[in-house]
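Colleague: Chain residues, written in single-letter form:
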Amino acid sequence: MSNYVEMWKDLGMDLENHDNLCAVLPVAFGDVYLSQENRPEGMGFWDFVVSEIHGIRPAELVEARKNGQKVFGTFCVYVPDEVVIAANGIVTGLCGGSQFWVPDGEKVLPKSTCPLIKASVGARLGKTCPFFRLADMYVGETTCDGKKKAWEILGEDVPMHIMDIPQMKRPEDIERWAGEIKKFAKVVEELTGNEITVEKLNEAIKTVNEKRKAMARVYEARKADKLPISGKDALLMSQIAFFDDPTRCAQMCNKLADELDKRIEDGVAVFPAGTKRILLTGTPLAIPNWKLHHIVETSGAAVVCEEMCTGTRYFENLVADDSKTLDEAYMALAQRYMKTNCACFTPNTGRIDDLLRLAKEYKVDGVIDVNLKFCCLYDTEGYNVEKAMKAAGIPVLGIETDYTDTDAEQLKTRVQAFVEMLG
Amino acid sequence: MKYAIGIDIGSTCAKAAVLDENKTVVFRLVQPTGWSSVDTAESLRKALCVAGFDPADHPVVATGYGRIAVPYAKKAITEITCHARGACRLFGLEDLTVIDIGGQDTKIIAVKDGLVQDFLMNDKCSAGTGRFLEVMANTLALRPGELCDLARLGGNTSISSMCTVFAESEVISLIGRGEKRENIAFAVVDSVVQKVVSQAGKLAEATGAVCLTGGLCQCDYVREALEKALGRTVTTCADGRFAGAVGAALSGLKL
Ligand code: SF4
Ligand code: SF4
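Residue numbers (the numbering used here), protein chains in the order written: chain A, 1 to 423; chain B, 1001 to 1255.
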């Protein structure tokens, strides 16, 4: 990463420790990503962003803040970006996906907390991620117990707003969520000093919808028999979408999708014919968590779809962009967001419907259901997921893992055995 | 006559099996894995040459956790697939449940029509594995085989901890309390069996005849205890510990 040292200093980062991260990330990226053959040219953009991950986008955010814009850090795909964008604010995802941050998180959290939470808290308290330093406000949610309690700890260090997410999806819950969005809008207006009007909100909705449609196009290309892009590359696109400017993200995804469409036309594939097609489902894969994709794609299979928050749950379903009043717009947002099927809800049968649909659309040979260690919700839901897949005749493999590499060999054996089992 | 060689490099033992074209096991060999899979593979190669089966002249398939460390293998296949294939051959069945209690891991494999339907492997910890039994046997100053034989004479004692490290302290405190050795041995085997049974319970497809393979299959008491706990007949066979190597060699015959 080039010369961002001054900026990092200004952001109050722990430079010495941060250097350690800067030293390992390029190696990991080289091993996992640059070793792939015949990658789409369009991936050059994301390769570049990763090579400057703690520099280029943070520098943009520093500039934006100088010009009076506010940055909101979020941890869940339920938090509506549109509201922030409508008030000329900026959203950045803040989920930590590296073991590097876990020890700092474990200083304040129980060991038996899921690594995503430990890494996120550790990235803030250890001062080793510029995005965590840059955000003017963190937006938490009442999803899982681990996160709820983590907000109380983070809240001592940084301004926090918590959105109360319903746990069921009855009509009254959707209405309540619309109310929460409205309250969030007030908080955003106060912090940014900008009023949210229905026109601005409709505009913001259009912007985010465009990003969703562009991402969906890339995923659409993964339904092709001859896969024009690896699962790893598609995952990288999804992971970075959480940090990037939404309009640029849409542009880049569209450009990539154009290239993939052309590849499909020309019959260009990145895997040999007969490669087994895997649908990955479960807990989110925050950047730089590429572990499972790498194992699958070096075991004679390809990941063709992620039914995850870093995947289809992020971009499926659009929001109506023609509301006449703010209340109507908040309701439109609530309706779209409540379609996201997360294990924090009960029941969550929508996720199983999604899986069965996606398995067909992406012509998958098998499903791998992964949950981060100590995520009780997804672990428990795994029972129903696996039961439903088996009932539908879809082979399924359940995996529990964390951010360390200690189980890599074991996982490889399991995944390879699963691929062998697919015939 | 055409031959194929299967190499199974497990965490504690490395096995080799040679099959002729009639799928008959004509040669078998087992040795400790030691600390280097590469060295083990080389010493197996030499032993095979001495026996008249130079790996350079026959197709070789490697399996087990050291499967990628066998430079002379044409192909590497996971132990799940190989154990399933090998067990089908050794037990002469097409539908079966394979329980393999290995050194570091325990596998349960549901096989139908000779194909793997589903499988489970224990997680990182060594509860319910041969390693667990070995550590406890050491603590009791016994060989694993002796521990199993002694267990038959004991009863009425249990170890509650699943973690090998904690279970070892439990065993030590049982010794300190003056508990009879056979009772402690009983508790150790019981702990392994309970863990395996609870794993097997998670595999709905595991319906066929239960066949025990792996290093522990020679301990008849383990087989009996499993039988009792599962409420199903558990069979084993003399070559049980070679199931992985036999399965690998079977795949080699097709190369
Ligand atoms: S898994 Fe659930 S809690 Fe986590 S980001 Fe997705 S919707 Fe939010
Ligand atoms: S993976 Fe599970 S435990 Fe971790 S933050 Fe998400 S819902 Fe919570």
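A hint or two may mislead.
DSBU-like cross-link-like pairs, simulated, lysine-lysine; straight-line CA separation at most 35 angstroms [to be verified]:
| id | chain 1 | residue 1 | chain 2 | residue 2 |
| --- | --- | --- | --- | --- |
| 1 | A | Lys390 | B | Lys1046 |
| 2 | A | Lys200 | A | Lys226 |
| 3 | A | Lys387 | B | Lys1075 |
| 4 | B | Lys1254 | A | Lys373 |
| 5 | A | Lys363 | B | Lys1075 |
| 6 | B | Lys1202 | A | Lys363 |
| 7 | B | Lys1046 | A | Lys412 |
| 8 | B | Lys1180 | A | Lys412 |
| 9 | A | Lys255 | A | Lys324 |
| 10 | B | Lys1075 | B | Lys1002 |
| 11 | A | Lys363 | B | Lys1046 |
| 12 | A | Lys387 | B | Lys1046 |
| 13 | A | Lys387 | B | Lys1228 |
| 14 | B | Lys1075 | A | Lys226 |
| 15 | A | Lys324 | A | Lys373 |
| 16 | A | Lys149 | B | Lys1046 |
| 17 | B | Lys1195 | A | Lys223 |
| 18 | B | Lys1075 | A | Lys111 |
| 19 | B | Lys1228 | A | Lys360 |
| 20 | B | Lys1002 | A | Lys223 |
| 21 | A | Lys373 | A | Lys111 |
These are calculated hints, taken from the structure and not from any lab test.
Colleague: If a hint holds in the structure, say so; if it doesn't, say that too.
Modeller: To see whether the hints hold, each was checked on the structure:
| no. | hint | result |
| --- | --- | --- |
| 1 | Lys390(A) <-> Lys1046(B) | violated, 46 angstroms |
| 2 | Lys200(A) <-> Lys226(A) | violated, 42 angstroms |
| 3 | Lys387(A) <-> Lys1075(B) | holds, 33 angstroms |
| 4 | Lys1254(B) <-> Lys373(A) | violated, 40 angstroms |
| 5 | Lys363(A) <-> Lys1075(B) | holds, 28 angstroms |
| 6 | Lys1202(B) <-> Lys363(A) | holds, 28 angstroms |
| 7 | Lys1046(B) <-> Lys412(A) | holds, 29 angstroms |
| 8 | Lys1180(B) <-> Lys412(A) | violated, 43 angstroms |
| 9 | Lys255(A) <-> Lys324(A) | holds, 33 angstroms |
| 10 | Lys1075(B) <-> Lys1002(B) | holds, 18 angstroms |
| 11 | Lys363(A) <-> Lys1046(B) | violated, 47 angstroms |
| 12 | Lys387(A) <-> Lys1046(B) | violated, 48 angstroms |
| 13 | Lys387(A) <-> Lys1228(B) | holds, 28 angstroms |
| 14 | Lys1075(B) <-> Lys226(A) | holds, 26 angstroms |
| 15 | Lys324(A) <-> Lys373(A) | violated, 45 angstroms |
| 16 | Lys149(A) <-> Lys1046(B) | violated, 60 angstroms |
| 17 | Lys1195(B) <-> Lys223(A) | violated, 41 angstroms |
| 18 | Lys1075(B) <-> Lys111(A) | violated, 41 angstroms |
| 19 | Lys1228(B) <-> Lys360(A) | violated, 43 angstroms |
| 20 | Lys1002(B) <-> Lys223(A) | violated, 44 angstroms |
| 21 | Lys373(A) <-> Lys111(A) | holds, 11 angstroms |
Comparing the model with each earlier hint shows violations of hints 1, 2, 4, 8, 11, 12, 15, 16, 17, 18, 19, 20; every other hint is respected.
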